[in-house]
Amino acid sequence: MRITVTVDGTKYTDEVEPRTLLVHHLREKLGKVGTVVGCDTSNCGACTVHLDGHSVKSCSVLAVQADGCEVTTIEGLARDGQLHPVQKAFHDNHALQCGFCTPGMIMQSIDLLADNPDPDEQAVREGLEGNLCRCTGYQNIVRAVRDAAQHMSPGAGPEAERITENKHVGVGGD
Amino acid sequence: MTATIEPEVGKSRRRKEDERLITGRTRWTDNIALPGMLHMAVLRSPFAHAKIVSIDTSAAKGAAGVVAVFTAKDLDPDSSIGMPCAWPITPDMKAPRRPVLAADQVNFAGEGVAVVVARTSAEAHDALEEIDVEYDELPVILDMEAAIADGAPLVHEDQGSNTSAVWKFDSGEAGTGGNVEEAISSAEVVVKRRFRQQRLVPAFMEPRACVVDPTGTQLTMWSATQVPHILRVMSALTLGIPEHKLRVIAPDVGGGFGGKIGVLPEEMMSLLVAQKLGKPVKWNESRSETMLAAHHGRDQIQDITITSTRDGRVTGLKVELLANLGAYNGLVGTGVPILGAFMFNAIYKIPAYHFACTNVYTTTTLTDAYRGAGRPEATFAIERIMDELAAELGMDPMELREKNWIKHEEFPFTTVAGLTYDSGNYEAATAKAKQLFDYDGLRAEQEKRRASGDKVQLGIGISTFTEMCGLAPSRVLGSLDYGAGGWEHAAIRMLPTGKVEVITGASAHGQGHETAWSQIVADQLGVAFEDVEIIHGDTQSSHKGMDTYGSRSLVVGGIAVVKAAEKVVAKAKPIAAHLLECAEDDLEFANGKFTVKGTDTSTGIADIALAVFAAHNLPDGVEPSLDSDATFDPENFSYPHGTHLCAAEVDTETGRIKLRSYVCVDDVGVAVNPLIVEGQVHGGLAQGIAQALFEGTEHDESGTLTTGTFADYLLPSAADLPSFTTDRTETPSTTNPLGAKGVGEAGTIASTPAVVNAVIDAVRHFGVNDIEMPLTPMRVWHAVQHGTTDAGGPGRGEAGGGLGSIDASGGAQ
Chain A
1 MRITVTVDGT KYTDEVEPRT LLVHHLREKL GKVGTVVGCD TSNCGACTVH LDGHSVKSCS
61 VLAVQADGCE VTTIEGLARD GQLHPVQKAF HDNHALQCGF CTPGMIMQSI DLLADNPDPD
121 EQAVREGLEG NLCRCTGYQN IVRAVRDAAQ HMSPGAGPEA ERITENKHVG VGGD
Chain B
1 MTATIEPEVG KSRRRKEDER LITGRTRWTD NIALPGMLHM AVLRSPFAHA KIVSIDTSAA
61 KGAAGVVAVF TAKDLDPDSS IGMPCAWPIT PDMKAPRRPV LAADQVNFAG EGVAVVVART
121 SAEAHDALEE IDVEYDELPV ILDMEAAIAD GAPLVHEDQG SNTSAVWKFD SGEAGTGGNV
181 EEAISSAEVV VKRRFRQQRL VPAFMEPRAC VVDPTGTQLT MWSATQVPHI LRVMSALTLG
241 IPEHKLRVIA PDVGGGFGGK IGVLPEEMMS LLVAQKLGKP VKWNESRSET MLAAHHGRDQ
301 IQDITITSTR DGRVTGLKVE LLANLGAYNG LVGTGVPILG AFMFNAIYKI PAYHFACTNV
361 YTTTTLTDAY RGAGRPEATF AIERIMDELA AELGMDPMEL REKNWIKHEE FPFTTVAGLT
421 YDSGNYEAAT AKAKQLFDYD GLRAEQEKRR ASGDKVQLGI GISTFTEMCG LAPSRVLGSL
481 DYGAGGWEHA AIRMLPTGKV EVITGASAHG QGHETAWSQI VADQLGVAFE DVEIIHGDTQ
541 SSHKGMDTYG SRSLVVGGIA VVKAAEKVVA KAKPIAAHLL ECAEDDLEFA NGKFTVKGTD
601 TSTGIADIAL AVFAAHNLPD GVEPSLDSDA TFDPENFSYP HGTHLCAAEV DTETGRIKLR
661 SYVCVDDVGV AVNPLIVEGQ VHGGLAQGIA QALFEGTEHD ESGTLTTGTF ADYLLPSAAD
721 LPSFTTDRTE TPSTTNPLGA KGVGEAGTIA STPAVVNAVI DAVRHFGVND IEMPLTPMRV
781 WHAVQHGTTD AGGPGRGEAG GGLGSIDASG GAQ
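Chains as they are written, first to last, in my numbering: chain A, 1 to 174; chain B, 1 to 813.
None of these hints come from the bench; they were simulated from the model.
One should not assume that every hint holds.
Where chain B lies over chain A, by a calculated footprint (3+ residues, C-beta under 8 Å) [as the list claims (entries may be wrong)]: (1) 1 to 9; (2) 33 to 47; (3) 60 to 73; (4) 77 to 86; (5) 137 to 145.
With beta-carbon atoms standing in for the labels, derived distance ranges [said to hold, decoys possible]: (6) B:Thr725 x A:Lys29: 42 to 52 Å; (7) A:Asp14 x B:Lys276: 31 to 41 Å; (8) A:Pro18 x B:Glu134: 25 to 35 Å; (9) B:Gly240 x A:Thr4: 46 to 56 Å; (10) B:His543 x A:Lys11: 25 to 35 Å; (11) B:Glu6 x A:Asp14: 50 to 60 Å.
These stretches of chain B come out as covered by chain A in the derived footprint (C-beta under 8 Å, 3 or more residues) [as the list claims (entries may be wrong)]: (12) 332 to 345; (13) 509 to 519; (14) 650 to 656.
Glycine residues also receive a C-beta, built at the ideal position from the N, C-alpha and C atoms.
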């Protein structure tokens, strides 16, 4: 089947098998290897991307379902050489070690913050429930998300406002 | 005058590694795509134990996209290839051959039977279903005690027994202490318990993967491995590939925790298949395959006997283990319980000690190193039995520990297991932890809740632990019959512009070596942190190494870096003297500059590097190079320690556990980067707590792994864990120049018994003195309801491994 997907601002038209998952389309066809596969049961969340502004586990979406959609991956977050506030917060708070879960964690965190711009610790923990990390024990991830929230308040800069303008009802990761 | 530069060591530097990891510009093995690359998939046995009657691959060979299908007869026609085991723990240890692909018999569910190579991964996996294998089932052997009973069916018929080896240590025989049997027969108090270390999955987030490119002048293998150097030499030895024709690259590796320490059959298959086809081949596994076929950890039955005087002075410790190897010997799995042998006595002065371990084959996935490897099991047993002894004595468990531990002024201290702990201050760490935890306040609240019969009971768990880090002095490994040394290599290349390339053999998989090593080199050479580049994980650029495991990177690999830097300074000194026209003895080196003592005249390391590059004006006979090479072999292990305190609330009506607070004070000696140390502790705590509360593999009667996905195997999420209070004391190691001790495993080792002790403490007044891990609500509820020592419930046999007997008769006989 022929599909057209806009990924990180670039439009791609490709032939895909009907069974191809979005994550495999991104990785294998489009070379967007920043998004990774950690499990085959959609439990780990490593493959989380944004589909039309909502976080999805791209192993749970068929590529054909993304036809005509906009996808944002970890590779499309930084703009004009500036890290997204959530990316920066992950670095500042040592919220990653091996980094394999990190793209998915960051994408999910952005969606979480769009839904709740000032989450308390429990809200962050529950909002990230669908993303597994084996290295950090989550504490610094939680810290990073709350730190990012402070830097993404309205008026905190164009990057932050880009996020808040896209505010929508969160879908909790799936 | 030169301003003093603030030292880098001790700074919470944010990590150099992060930039590529937070932007998706990483190089995972599965990202590698080469021209003409084919994809390999492995057909795995659905049976735990079966004869292979026939394999029909004809349909698969004709399937869409398939390039080739191989069975053992194709890949290894002479049955000459056996996966390596580096640790023959006894001269008579059994060594059943582990083939790359099973030829005649499968010995665990998940063992490879055939491989398909196709244009795409999807086509390769499709074709697996076209392979027709006829099996003739054999008896499944899952239980270790049944496996070693007389007349038990055998995993390997030709080995004559399911006992692989028995390894013993006795302090009376070794001359490090007394005789345990005498301690038991003369003891005022004897407490015995049986603990089970359930089988765990390391569960690194990046599944294993491997790419082999045979198209160049040598074979290049990328692998998601912890051990590229070991993998290279083992591949050469296993397959007969000339070592210099094989380059192994561990690119970014998404976690290991010991789970990527093996030399894999799939890696060997990939090498063989790529060579046969002459094309690059990629193998990457699904998570379900990881759960089945990557090695597991723990899985021991521990029978522990401790003896003491009525006033709480420990007099003896006897440890009898059964360790489940799975179906074969892993690369180092045979030795994992032996590492634990040295740690059961932990921080305590125990006068008599006996340890015996029986390694057992069963028809299950192999076990091998998992974070802590032997030491978490040991720490769990001693910290649990100390609580049981305290309960028997009616003594506060902290008081019992304080009474028996090695005092600060007694270091260095040689333990009953024969190790010499260089430094430690258990008092300081404990005092700090108790204060952060509000130990006395929580004990008071516990009393109140108990008195009022509150349905939510409070328990306090203690774990005062030490571990041996920095694996390991080569002579010690030699004495334990390990097949390699424990040294580490580093090299420094001074570039003409004064920038520095550092090559380390300690290949990282998420720990932050690039940052910590840069800090070390910045201090040693007086260069900027940003001016240091760390090169690792490629046997071509990092040509020697022993890789990363056992919290050895910093205290072995980091010290090698220090040694290499010292050599750079030593090489620079005569050149500096020549350039400054002074005697070498008149020079002092600090902050990157050689200064003529008592003057302002100086030259920097960068100036010397440029002078060396030009080589126009060097002293006679001096080679134009500041580059250095150093290999460091430690003289001793390092012994970090700490005090971990856990407060758990247990709902006695539902069995639900809530960790109310978790406080730990770890002493890892000098912390090169406190931010990284804290992160390592957090992650370690999560893994140790997960063993206590969440994780555990289960097999059904047929030997099928019923916890074979992340949907079934409960890895904790952010919502399942609390925030931790972590702090440090700093007692420098006296056996290395950094004073560092290692931190990679501490959190995991210490936290499991802290949590279990807390839960038992909460419900002990119901008559509970053990609950099998993981402490599921069902098990906790069952224990409370039945007021027994045995949790019973799901996953528990009739025998009730938690049944402990207490003999407080004031001395046997």
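Worksheet item: Checked against the structure, which of the hints given earlier come out wrong?
Response: 1, 3, 10, 12, 14
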